[in-house]
Structure formats: C-alpha cells, structure tokens
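Participant: The lines below spell out each chain.
Protein chains: 2
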Amino acid sequence: MNNLQTYLKQQADVIHSELDRILPTINTRPARLHEAMRYSIFAGGKRLRPILCIAASEACGGIAEQAMGAACSLELLHTYTLIHDDLPAMDDDTLRRGRPTCHIAFDEATAILAGDALLTFAFEVLSTLPKCGALSAELALAAGSRGVIGGQAEDLAAEGKPADTDRVETIHRNKTAALIRAACVMGGLCAGATQDTLEALARYGEAIGLAFQITDDLLDETATLEELGKDIGSDHARGKMTYPAVHGSEQSKRRIAELIQEAKETLQALPGDPWILAELADFIATRNY
Amino acid sequence: MNNLQTYLKQQADVIHSELDRILPTINTRPARLHEAMRYSIFAGGKRLRPILCIAASEACGGIAEQAMGAACSLELLHTYTLIHDDLPAMDDDTLRRGRPTCHIAFDEATAILAGDALLTFAFEVLSTLPKCGALSAELALAAGSRGVIGGQAEDLAAEGKPADTDRVETIHRNKTAALIRAACVMGGLCAGATQDTLEALARYGEAIGLAFQITDDLLDETATLEELGKDIGSDHARGKMTYPAVHGSEQSKRRIAELIQEAKETLQALPGDPWILAELADFIATRNY
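Going line by line, the protein sequences match chains A and B. Okay, so the first sequence: first residue is 179 according to this note's numbering, each after it adds one. Okay, so the second sequence: first residue is 179 according to this note's numbering, each after it adds one.
Hints are computed from structural coordinates only; laboratory data are not their basis. One or more hints might be untrue.
[What the hints assert, rightly or not] Distance condition first, Cα-Cα at most 25 Å in a straight line; then the derived DMTMM-like pairs of lysine to aspartate or glutamate:
| id | chain 1 | residue 1 | chain 2 | residue 2 |
| --- | --- | --- | --- | --- |
| 1 | B | K418 | A | E213 |
| 2 | A | K418 | B | D285 |
| 3 | B | K339 | B | D271 |
| 4 | A | K187 | A | D460 |
| 5 | B | K418 | B | E332 |
| 6 | B | K418 | A | E286 |
| 7 | B | K339 | A | E286 |
| 8 | B | K418 | B | E436 |
| 9 | A | K224 | A | D374 |
| 10 | A | K339 | B | E332 |
| 11 | A | K339 | B | E213 |
| 12 | B | K339 | A | D285 |
| 13 | A | K418 | B | E213 |
| 14 | B | K339 | A | E213 |
| 15 | A | K418 | B | E286 |
| 16 | B | K431 | B | E332 |
| 17 | A | K418 | A | E337 |
| 18 | B | K431 | B | D342 |
| 19 | A | K339 | B | D285 |
| 20 | A | K442 | A | D394 |
Just chain A, with the same shape it has in the complex (with noise of 0.2 Å):
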C-alpha cells in the first residue's frame, strides 16, 4: 500500500466514523427513515469529496478536524443525489456500489425522503460550523439548479439527443465538477485561506472534477461489472451524452491528461504541502473503479 492508499484508508475511517457519530440511530423515530439514510452512507463510497474537502484544508495549513463537518456534510449531499439520481423517475438503477438502489431496498417514498433528509441533514452539520455563511454559500450554489441539480436536469433532458460538445462539458461542470470544486474550496474556508487560494482550489477542483466524470464516461464503457458494482454500459443503453460519445476514447485519454496537468500546475499557489492533491488527481485519472 503506498502513502496515498494508507492516508485514503484512514481518512475514510475517520468520515466513517464521524458520519456514524453524528446521523440519527436506526432507533430513532420514524425507523425505517433512518434505516433508509444510514443504509446508503454507509453503503461503501470512496468518500472522495470529503476526503478532498480535509486535504484542501490540510494543503492551506488547516488540520483535519476543522475540516470534519464540512467533509461530513458533502457525503451527505452525494449520497442524497445518488438516491434520487437512481428513482425510477430518473436513472433508474437498481444496483449501486454491488448493492440493491435505495428505492429497491426499501421503497420509492422512502428512498424520496431519506435524500430529502440527508440534503437538509447537509445543512444542520453546517450550521453548527463557524463559517456556516460562507460554507453553505458554497455548497447551496454547487449542488443548487445552476449546480448539480441544474446538471441531471440537463441529463437527463440530453438523453437519445445528437452529440454535442458543448452540452457536454456543461452537464459535466454542473453535474460532477460543480460538487468536487466545492468541496476543495470549502477545505480551504476550513482553513481560513485567503481569496486567491481559494480561486486557486476552485480551479483545481474544476479540473479534477471534469477529470473525474471523463474517467467515470470511459469505465461505464469498458469496466466489468464486479470492478464497477453497476450496471455495465447502462449510459451507453440509455443515450446519455457522454464525453466518450461525443469526442471517441482517445481525446477522451488527451482531455483528462490535459486537465489532471492543469491541477497539478494550480497546487503551486498553495501555502501548505499539497503532495495529497497532486496524488489524488493522479489517482482520479487512472482508476479502474
């Protein structure tokens, strides 16, 4: 295990935790609501955001515990797009990191509510921070209709249509790189970084981000189902305009070794030691999961 497999290791320990910490028991009143919540954060997620969120903060000098709720708060808002990104109004996916979808597990009024629930848990967590302002600012506008709900609605509204480029890219910066690009600014407010780091973390996070949904295009194409734990080539069955669709797997490889360099180049302008960025932009475009 290398050095940046060991820190994902333990940082994800510690989200787990702190997650398991602070969401209702699955004693509490209405039960099954809480079953529902708890069944898909704890359902096996890379904890990317939050991880991200905690090493923005630690490349501006911050620690990680100032960072905790913030992190905590983004796998919260994930985990809520997930759920009702697979309704069967939606996606409808019925398998999820290997798992029965929420709706599947429980039901579609559940699985509605419990991402109801986990989005305005999202924002108590922020609410107990000391930057609540600034912090909810920056996640309300990320995962807003000009964010990522902006983003599935225009998915969703691209399905069978023709390619086209730039329809593309803006689904991609709402849908996928609007949250990650949050998350690396809001390590940074943890942080108490100053304007221009912030710019700086928000242009890394862009970077990333786009990266990000480009790798994730390619593997729903050539991944096997037990690398993946979805359905394989779903995107592809269902006409979503994907980066692969439009541009072909080469410039696909050239767009995101283009952007994973961009980000790296942006890390210059941190004040603390930024090596667990530069690392998790590597490992963004070369995973196979």
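Given chain A, work out where chain B should sit, using these hints.
Facilitator: Only chain B this time, still in chain A's reference frame:
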C-alpha cells in the same frame, strides 16, 4: 376588509415580489427546471409561514425587512414539501390550489428536481444572513428526518392502520407544527429576541401549528372542491390518520379552541405588540380554505 386581511394581503404581495426577485428567471439554464420551481412557488399560496415569521419579528420589536430573507426561505422550503408530497410514490395528488400539481404540469423527474432545488435554495438564502447559523439550525431541524420529513414518513406508514391517538399527534407535530413553529422562532431570531421570548414564540407556533392541521383535516372532510382547490375527502379515501378520524368532529373543534387559547396566552411574554399574531391564531382556527 378588516385590519388582518389588509396586513395579510400587503405582506403576501411583498413576499411575492421578493421571491420573484431572488429566484432564478425562467430563462436561466436549465429553463424547464426553473420554470417548474416558479410554477409551484407562484401557485397562489397563502404565504402563512413567511407572514408568521415577519409578524413574529415585528412582535419582538423588529422590522419586516430584517425578517424577509428568513421568511422567503420558509416559503421555498414549504413549497418543496408540497411538490414532493404530491408525487405518485407519495400522496399521488393531481390537483393543488386548483391547478395541476408540479409532476402533472411538468413530469416526475422535473418535479423531484424542482423540489430538491427549492430546498437547497432555502439554505442558500439563509447563507447570506447575519444569523446564518441559528437560522439554518432552526430550519434544518424543523424540516429534517425528525421534523417535517419524519412526519411525512410516519403519515405514509400510518395509512390504513387503526386509529391511534399518539401516532396522529406525532404526525401533526412533525409534519405541520414543526415548520410553523420554526417560522415564529426564526422571526424572533431575526429581531434579536432573548431566549425566553424565543421559547414563547416556539410554544405559540406549536399550538397554532397543531390547530392548523386539525382545521385542515376537518376542511378535507367538509369543504367543497371550489373552496379548497384540491381533491375533497382524499385523506379519508386513502385511510389517512386524521385527528377527526381518531377523535371525531366535536372533539376536534374543542381541541382547536384549546390550542388557540393556549397560543394567545403565550403572546403576553412578547416585548412588542402581538396583535397580528393574536388575530392570526383566530384566523387559523376559523378559515374555510
């Protein structure tokens, strides 16, 4: 038109203008999503929660402008709960305030996303306010899995079950009273109220919130379609656990009178003039729509 009616009309107009000013226009990308958000926000609601927030603020010596952001966040949040409650997987309602519900006027995916976006936008609005932390905490706790969302989950779970005094009270407290209570407390917070005053506002809000829901249940059984703008007796037909179903109409009316009395008594503890809050309590108990 008496003084209360004039006040309600004036405040509703100001809130309408403010919501119109802050919501993204229908030309904002993705247009259909923003159209759906505005369709539901401007569907002719009474604006009860934002008006309560403003009136509570004024009864603590504050001015309406101070409470306007918090007031708008309450209406944004309330509207999202209506959109999601109406979904086919939930209450499956096709009419709301005399118009097709959001998922009928648009489609199910758009309705889910429009609800998500309004919920997120509520916290974006709070993020810009000086007391973001306290206001977000109050709203998130009231709206979350132990508040409104939990109440809706219990409401769905109780359908067709035998009448249960404890359960109907829990559902009402969470599903309806929690947000009305939060509206009053948030108004107090905007005016810089003391802890004692906030507690009095919470008791007032809880009491009128419960009275509001029992009145709603009675109206569902007796009003005409024209008065109510939604399917009549639909709660009854679905086997919803309503207060009149458990306790009968006469006991329901007695309980409403008790709650209104209780609400008015708590108003004596407020530092400013509480006449609007007193009249609002009566209005809630005697409304016929």
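Participant: Check the hint pairing K339(A) with E332(B) against an upper bound of 25 Å on the C-alpha distance.
Facilitator: violated, 41 Å
Participant: For K418(A) and E213(B), compute the direct alpha-carbon distance and say whether it is at most 25 Å.
Facilitator: With a Cα-Cα distance of about 24 Å, the restraint between K418(A) and E213(B) holds, given a limit of 25 Å.
Participant: Given the hint that K418(A) pairs with D285(B), test it: the Cα-Cα distance must not exceed 25 Å.
Facilitator: holds, 19 Å
Participant: Would you check the hint for K442(A) and D394(A), treating anything up to 25 Å between C-alpha atoms as holding?
Facilitator: holds, 20 Å
Participant: Mind checking the alpha carbons of K224(A) and D374(A) for me, to see if they're no more than 25 Å apart?
Facilitator: violated, 29 Å
Participant: CA of K339(B) to CA of E286(A), is that 25 Å or under?
Facilitator: holds, 20 Å
Participant: Tell me if the straight-line CA distance from K339(B) to D285(A) falls inside 25 Å.
Facilitator: holds, 18 Å
Participant: Taken at face value, is the distance from the CA of E436(B) to the CA of K418(B) at most 25 Å?
Facilitator: The given pair, whose Cα atoms are some 24 Å apart, holds under the 25 Å limit.
Participant: So if I understand the rule, the pair passes when the alpha-carbon distance is 25 Å or less; does K339(B) with E213(A) pass?
Facilitator: holds, 21 Å
Participant: Taking only the CA atoms, is the gap from K187(A) to D460(A) under or equal to 25 Å?
Facilitator: Holds, at roughly 17 Å.
Participant: Can you confirm whether the C-alpha distance between K339(A) and D285(B) stays at or below 25 Å?
Facilitator: Judged against 25 Å, a Cα distance of about 18 Å means the pair holds.
Participant: Would you mind confirming whether the straight-line C-alpha gap from K339(A) to E213(B) stays at or under 25 Å?
Facilitator: Answer holds: K339(A) to E213(B) is near 22 Å, not above 25 Å.
Comparing the model with each numbered hint stated earlier shows that hints 9 and 10 do not hold.
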